[in-house]
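S.K.: What follows is each chain in one-letter form.
Protein chains: 2
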Amino acid sequence: MMDLKQEMQKRCNDIEKALENALPKQTEFPPVIFDAMRYSLLAGGKRLRPMLLLAACEAVGGRKEDAVDFACALEMIHTYSLIHDDLPAMDNDDYRRGRLTSHKVYGEAMAILAGDGLLHHAMETMAIACEKNPSAQTTGAMRAIAHGAGIFGMLTGQVVDVFFEGQPLAQETLDFIHLHKTAAMIRGALEAGAILGGADEKTVQTFALAGEKIGVAFQILDDILDVTATTEELGKPVHSDEKNQKTTYVTLYGIEKSREIAAGLSAEAVKIWKQQGEGCAFLLALTEYLTDRKF
Amino acid sequence: MMDLKQEMQKRCNDIEKALENALPKQTEFPPVIFDAMRYSLLAGGKRLRPMLLLAACEAVGGRKEDAVDFACALEMIHTYSLIHDDLPAMDNDDYRRGRLTSHKVYGEAMAILAGDGLLHHAMETMAIACEKNPSAQTTGAMRAIAHGAGIFGMLTGQVVDVFFEGQPLAQETLDFIHLHKTAAMIRGALEAGAILGGADEKTVQTFALAGEKIGVAFQILDDILDVTATTEELGKPVHSDEKNQKTTYVTLYGIEKSREIAAGLSAEAVKIWKQQGEGCAFLLALTEYLTDRKF
Numbered sequence: 020m021m022d023l024k025q026e027m028q029k030r031c032n033d034i035e036k037a038l039e040n041a042l043p044k045q046t047e048f049p050p051v052i053f054d055a056m057r058y059s060l061l062a063g064g065k066r067l068r069p070m071l072l073l074a075a076c077e078a079v080g081g082r083k084e085d086a087v088d089f090a091c092a093l094e095m096i097h098t099y100s101l102i103h104d105d106l107p108a109m110d111n112d113d114y115r116r117g118r119l120t121s122h123k124v125y126g127e128a129m130a131i132l133a134g135d136g137l138l139h140h141a142m143e144t145m146a147i148a149c150e151k152n153p154s155a156q157t158t159g160a161m162r163a164i165a166h167g168a169g170i171f172g173m174l175t176g177q178v179v180d181v182f183f184e185g186q187p188l189a190q191e192t193l194d195f196i197h198l199h200k201t202a203a204m205i206r207g208a209l210e211a212g213a214i215l216g217g218a219d220e221k222t223v224q225t226f227a228l229a230g231e232k233i234g235v236a237f238q239i240l241d242d243i244l245d246v247t248a249t250t251e252e253l254g255k256p257v258h259s260d261e262k263n264q265k266t267t268y269v270t271l272y273g274i275e276k277s278r279e280i281a282a283g284l285s286a287e288a289v290k291i292w293k294q295q296g297e298g299c300a301f302l303l304a305l306t307e308y309l310t311d312r313k314f
Numbered sequence: 020m021m022d023l024k025q026e027m028q029k030r031c032n033d034i035e036k037a038l039e040n041a042l043p044k045q046t047e048f049p050p051v052i053f054d055a056m057r058y059s060l061l062a063g064g065k066r067l068r069p070m071l072l073l074a075a076c077e078a079v080g081g082r083k084e085d086a087v088d089f090a091c092a093l094e095m096i097h098t099y100s101l102i103h104d105d106l107p108a109m110d111n112d113d114y115r116r117g118r119l120t121s122h123k124v125y126g127e128a129m130a131i132l133a134g135d136g137l138l139h140h141a142m143e144t145m146a147i148a149c150e151k152n153p154s155a156q157t158t159g160a161m162r163a164i165a166h167g168a169g170i171f172g173m174l175t176g177q178v179v180d181v182f183f184e185g186q187p188l189a190q191e192t193l194d195f196i197h198l199h200k201t202a203a204m205i206r207g208a209l210e211a212g213a214i215l216g217g218a219d220e221k222t223v224q225t226f227a228l229a230g231e232k233i234g235v236a237f238q239i240l241d242d243i244l245d246v247t248a249t250t251e252e253l254g255k256p257v258h259s260d261e262k263n264q265k266t267t268y269v270t271l272y273g274i275e276k277s278r279e280i281a282a283g284l285s286a287e288a289v290k291i292w293k294q295q296g297e298g299c300a301f302l303l304a305l306t307e308y309l310t311d312r313k314f
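Residue numbers (my numbering), protein chains in the order written: chain A, 20 to 314; chain B, 20 to 314.
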């Protein structure tokens with residue numbers, strides 16, 4: 020049995036190093052935008068999405084080196100989405116990952132542009148990787164990530180979230196938001212990783228499905244932790260859903276039932292990893308950890 | 020001698036049709052984001068960038084059909100940049116192309132998301148085109164467009180523009196802004212078109228250089244028209260540079276000298292098209308038109 024925490028830390032360190040090199044240094048002109056992009060991208064965090072992408076690639080027999088550009092791009096897209104979500108016109112949050120949000124440090128205009136810049140640079144990073152090696156794998160991975168992030172994925176989840184702000188949600192709407200805003204990118208991470216590792220179409224779809232289950236379970240856990248954890252544990256304000264009168268799994272079902280639903284989704288993903296065999300040992304351990312975390 | 024206006028209108032109509040099909044219809048859920056994206060993308064305009072991309076592809080012997088997805092993506096990126104530039108935190112403009120700007124119609128949050136959505140969908144559209152046909156041409160074109168739009172191109176031009184807002188600019192800074200904010204995307208359009216058409220590396224670089232000259236000349240003309248044209252002619256408020264105390268070519272050199280500089284750049288591009296031969300006849304006529312337009 021591996022020491023999961025230690026293994027996660029090691030992989031997280033590798034991702035931090037790759038991200039550090041994936042953006043231009045702050046000496047470029049004009050410094051402010053590169054500063055702002057680095058401030059948010061290098062603010063720590065679990066690096067869950069790139070970790071899942073790289074693990075999926077290795078699980079199907081691929082090489083991590085072929086996937087690292089795509090993993091970095093995925094984290095850039097995730098970070099851009101956080102910067103824009105935090106904007107005054109959106110959630111108007113002052114803290115993220117234990118530090119001031121981008122617009123509190125750089126102002127609203129630069130925060131919008133820093134977010135845009137990260138999305139641009141994710142696109143450019145993937146395009147360069149594809150041009151270096153134009154193949155079904157590289158272009159397929161780029162498509163999977165773009166799809167998970169885009170107007171049929173994460174972006175639309177955020178739109179619906181903003182659209183219904185302050186209104187009680189039906190369960191179908193909440194499920195739509197969770198599936199799109201959170202799960203689509205995690206699905207995209209596992210799908211892209213499996214594609215880059217050279218998996219066949221059936222395996223790719225199986226990984227994508229596991230990603231969807233993990234993504235929804237992860238978001239339900241987030242809803243629960245907003246009620247049960249402390250600000251120090253999460254690095255962001257708790258009870259924000261209550262403050263914003265948000266419908267969540269907790270308000271619909273209560274904490275215990277929500278835990279059960281998350282555990283059920285997690286079990287479905289775990290079953291997939293067990294069927295896929297030994298190569299998925301890390302993905303299995305990570306799945307159990309992510310869907311049963313305390314913060 | 021072709022009838023340029025008629026030829027431009029015909030090509031513009033083709034691009035309109037392609038753009039109309041490039042976005043999901045407004046019946047998708049949630050309708051508001053698809054409405055907002057279509058509102059700005061289908062608001063008319065010269066369609067200069069996609070027109071240049073398609074013309075470059077055909078000029079080197081390529082097929083328009085292989086380039087149309089990239090042309091649409093380019094126009095989506097251009098439109099996203101206009102939506103975000105117009106935001107209250109940026110230029111705070113109420114009108115664009117003769118109609119209310121996105122945030123005046125849909126509110127600030129949805130305008131940010133509509134811009135994001137267009138950038139996402141440009142990335143996804145190009146990724147799908149690359150996956151359908153993974154080649155040096157498709158991936159190279161995507162890289163050229165991503166580079167022209169990104170943190171070494173258009174985005175950084177906008178950052179510097181915002182950064183120095185309200186301050187007088189040195190000529191070097193103004194040149195940096197013009198080269199990045201406007202010319203980089205036009206350069207990217209011609210570069211991507213030539214790549215998609217199968218041109219050799221030397222020809223691609225020549226087309227890119229012509230794009231840079233046209234782009235800067237085009238922006239200088241824009242500065243001039245802001246002083247000499249009417250709101251009705253431009254479809255946006257004139258004298259906005261004066262109102263915002265912006266340094267432009269006109270404030271640095273006056274109208275006549277600015278016209279001379281633009282004409283000189285245009286002549287350099289025209290010389291390139293003449294050297295490239297008959298295939299570039301439309302590009303040549305378009306270049307002369309764009310850098311000597313009255314509005």
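Note that these hints are calculated values from the structure, not bench results.
Note that the structure is a prediction, hence the values are computed from the model and not measured.
Do not rely on the hints blindly, as some may be mistaken.
Just so you know, same-sequence chains aren't split out, so a pair can sit in one copy or run between any two.
[Stated by the list, open to error] With a cut-off of at most 30 Å between alpha-carbon atoms, the simulated DSS-like pairs for lysine-lysine come out as follows:
| no. | residue 1 | residue 2 |
| --- | --- | --- |
| 1 | Lys123 | Lys262 |
| 2 | Lys276 | Lys36 |
| 3 | Lys276 | Lys262 |
| 4 | Lys24 | Lys65 |
| 5 | Lys276 | Lys65 |
| 6 | Lys65 | Lys293 |
| 7 | Lys123 | Lys65 |
| 8 | Lys151 | Lys123 |
| 9 | Lys123 | Lys290 |
| 10 | Lys290 | Lys262 |
| 11 | Lys151 | Lys276 |
| 12 | Lys151 | Lys221 |
S.K.: Compare the structure with each hint and give your call.
M.R.: Verification of the supplied hints:
no. : hint            : verdict
1   : Lys123 x Lys262 : both (20 Å within a copy, 28 Å between copies)
2   : Lys276 x Lys36  : neither (40 Å within a copy, 50 Å between copies)
3   : Lys276 x Lys262 : within (22 Å within a copy, 60 Å between copies)
4   : Lys24 x Lys65   : within (11 Å within a copy, 56 Å between copies)
5   : Lys276 x Lys65  : within (26 Å within a copy, 56 Å between copies)
6   : Lys65 x Lys293  : within (24 Å within a copy, 56 Å between copies)
7   : Lys123 x Lys65  : within (23 Å within a copy, 38 Å between copies)
8   : Lys151 x Lys123 : neither (38 Å within a copy, 43 Å between copies)
9   : Lys123 x Lys290 : neither (44 Å within a copy, 50 Å between copies)
10  : Lys290 x Lys262 : neither (37 Å within a copy, 64 Å between copies)
11  : Lys151 x Lys276 : neither (49 Å within a copy, 44 Å between copies)
12  : Lys151 x Lys221 : both (27 Å within a copy, 19 Å between copies)
The structure shown violates the earlier hints numbered 2, 8, 9, 10 and 11.
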